[in-house]
Each structure stands twice: as structure tokens, then as C-alpha cells.
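Between the sequences and the hints, there should be enough to build the whole structure, so can you do that?
Protein chains in written order, with numbering that gives the first Met the number 0: chain A, 0 to 137; chain B, 0 to 137.
Each hint should be verified, as a subset may be incorrect.
A pair counts as met if it fits within one copy or between any two copies, since identical chains are not told apart.
Said to hold, decoys possible - Calculated cross-link-like contacts (lysine-lysine; reagent style DSS-like; alpha-carbon spacing at most 27 Å):
no.	residue 1	residue 2
1	K63	K15
2	K15	K129
3	K92	K129
Worth flagging that the hints you see were computed from the coordinates, not collected in a lab.
2 protein chains.
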Amino acid sequence: MSAEYTEAMDWLDDIKWDADGLVPVIAQERASGDVLMFAWMNREALALTAARGEAVYWSRSRQKLWHKGEESGHTQTVHELRIDCDNDVVLLKITQQGHEPGIACHTGRHSCFFQRLENGVWSAVEPVLKDPERIYRK
Amino acid sequence: MSAEYTEAMDWLDDIKWDADGLVPVIAQERASGDVLMFAWMNREALALTAARGEAVYWSRSRQKLWHKGEESGHTQTVHELRIDCDNDVVLLKITQQGHEPGIACHTGRHSCFFQRLENGVWSAVEPVLKDPERIYRK
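This is the structure in C-alpha cells:
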């Protein structure tokens, strides 16, 4: 890794990584303001996200880098990276690619936050825009 | 605790609490769509939030319930509770009370996400709306 590259990564040292070396990340659609998903990044994922201008997360379940959209084609173009006052949460302003309107959720919905508490029950209040079988079957 | 009360809390059992019994929470301003802050809740905090219609978080640093605005007066009226597809993240649609425009951040800014990555440096890009000394000094 060149000295230039290392220096250019100083902003990564400003992040307060948790005990697992991760930081929580909120992905917000720039055009609509909708919160589309929540995931995690490690240092490498955040560096790649900034370098590529596309969201790369860390999959805690699979314990590996997860280039969002690598299977579905539903990539996320990153316009802005923000951190909060404690430097321990990242907010991405993105455009959800691959479908109109964008599909961020593996269930085929626009947003992962499609369940609303109504009369003491979580109810799905957003439509499935595309059958997940058709999203992930090549 | 009455049987009715216990039954009415079934929706809390749907949450996938983490190893510490917590769930991450995103607070989004309903009117603007702005993501104002990120915090954590335990079961009691989420139950209280729903019951009161005001955000009550769990402070990990102080290890106690934290009724947002208890010192500052900057409470959060909760209009909607949502969870994501994995049932392990909560999204609140709120109105930030106590100041116009709303101040969610302890630095006196509208949103906690006021630092944007610009040319490899995190830059504060939102103004302080009220001096924190004046927010917290009674």
C-alpha cells in the first residue's frame, strides 16, 4: 500500500469502530429521503465504498465483504458519506439502481423498513415490487 | 403485570434483540425526511416509546433509560414505528420538539449527521442552531 494511499485514508481513523471493527450504516435514498436499509461496514468496506462510489457492506452472517447488488444488480450509487456527532454511525446518501422505483430489500420491496406497528401488530405496508425469485435467479 | 398488558406486548417478542438485549434505532423527521439521530433501545425503552408516543432510548454509556429531551426539552413525538425485514432494526418517524427547526443533536445542530466527507476530510456542513451551553444549562 503506497504512502499516498495510507495518508488518504486518515478519515477512516476518525471512525470509532466497535469491538468487532464495525460501524453501523444507514442508507438513505437521496431523491426521496426514504431510509432504505441498515447494514454494517468494516474498514475495508468503507474504504471501498468511498473509492468506488458504490455501497460495499460487511455481511455479519456470511463474514465477508458484500458488494450490494452483486447478485441482484441492485447496486447503490453513493453521493455522500456522513458520520454522526460521535463518529460511530455512517449515513449514506444513495441512488438505488437496477429497478424503478429502487428495490433495496431482498424481499423485493423498495425499503427494508416495510413493517409498521399497527394496533400492536407489525404489518407489511409496502408492496413487493418484484418477486425475489426473479431478482436472484440468474 | 396484567395478562392484557403482557399480551399487548407480543410485538416486542418479534424483535430480534442483540446479545446485549438491544436494537439499533434510526430517528427520521417525518416532515423533512431528515435522518436526525441513531441510538439504541432495550425492551423497556421500546415499550415506553410506544406507550408514551415519545422516544425513550437506552443509553449504553450511562447504562440507563434515556427519555430524549429530559434535560434539553427537545423531546421527540413518535408518529410511526417500523422494523426492517430482519426484525432487528427500528425506524421511528418523529417530530423533533422544543425548537424550530428541530434540534436533535447535543451539539445544537438539527441532525447528528452534520459531518460530510469532503476531499478526504470530515467537514461540519450544518450550522449550530443553539449553543449547547444554553440547551443544557437550566
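Task: Non-conforming hints, listed in increasing numerical order - done: The structure conflicts with no hint, since it agrees with every one listed earlier.
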